[in-house]
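Enquirer: Turn these sequences into a full structure, and let the hints steer you where they fit.
For the sequence shown, position 38 (counting from the first letter as 1) is numbered 38 according to this note's numbering, and the numbering increases by one without interruption.
By construction, these hints were calculated from the structure, which means they are not laboratory data. Keep in mind that the hints are not guaranteed to be accurate.
[As the list claims (entries may be wrong)] List of simulated lysine to aspartate or glutamate pairs, EDC-like, C-alpha gap at most 16 Å:
1. 93 <-> 26
2. 37 <-> 26
3. 93 <-> 25
4. 99 <-> 121
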Amino acid sequence: MGAEKKVTLSDALACVGDQAAIGQDDLCQAIGMGDLKGIERQIERNLAETNEISLLRAVARHFMRLHQVVGRVARGEQLESAMAGLRPPVFWKAVDGFKAQCRRWPVESIGNALLRLTELEAEVMRQHQFADTLTRRGLMEIAVMGVKR
1 MGAEKKVTLS DALACVGDQA AIGQDDLCQA IGMGDLKGIE RQIERNLAET NEISLLRAVA
61 RHFMRLHQVV GRVARGEQLE SAMAGLRPPV FWKAVDGFKA QCRRWPVESI GNALLRLTEL
121 EAEVMRQHQF ADTLTRRGLM EIAVMGVKR
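Expert: Here it is in structure tokens:
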């Protein structure tokens, strides 16, 4: 067992192993933060467990939630209040990252990302032999859209 008496979150996650939903959340967080190295690592991890369409749809759901919150903030609502309206609520571990993404992404850029995700899904379905490459490239493109100018 070792000298440690406390079990940390990372200890528990290590025991559980990789789970697709956790991996997809980590991928969404990396894309939202523009973490290109993290995106590549998470794409590798996720594609070992699921397919490209599932990943793109998970990212689209994440960006729809961002769009909802950032849109409410743009209309004058406080960030915490706008986030409180999300169902299901943001997982407690991801709250700080989600807030940072809300500050990083202008509402127009989120709309552009959602449009690109829709186009990307159609491309992947049409050209399934290139699904891996299209997904990797497209998610990297989306990640850099979020830089406020």
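Enquirer: Each hint: holds or not?
Expert: Hints, one by one, checked against the model:
{"no.": "1", "hint": "93 <-> 26", "in the structure": "11 Å, holds"}
{"no.": "2", "hint": "37 <-> 26", "in the structure": "12 Å, holds"}
{"no.": "3", "hint": "93 <-> 25", "in the structure": "11 Å, holds"}
{"no.": "4", "hint": "99 <-> 121", "in the structure": "27 Å, violated"}
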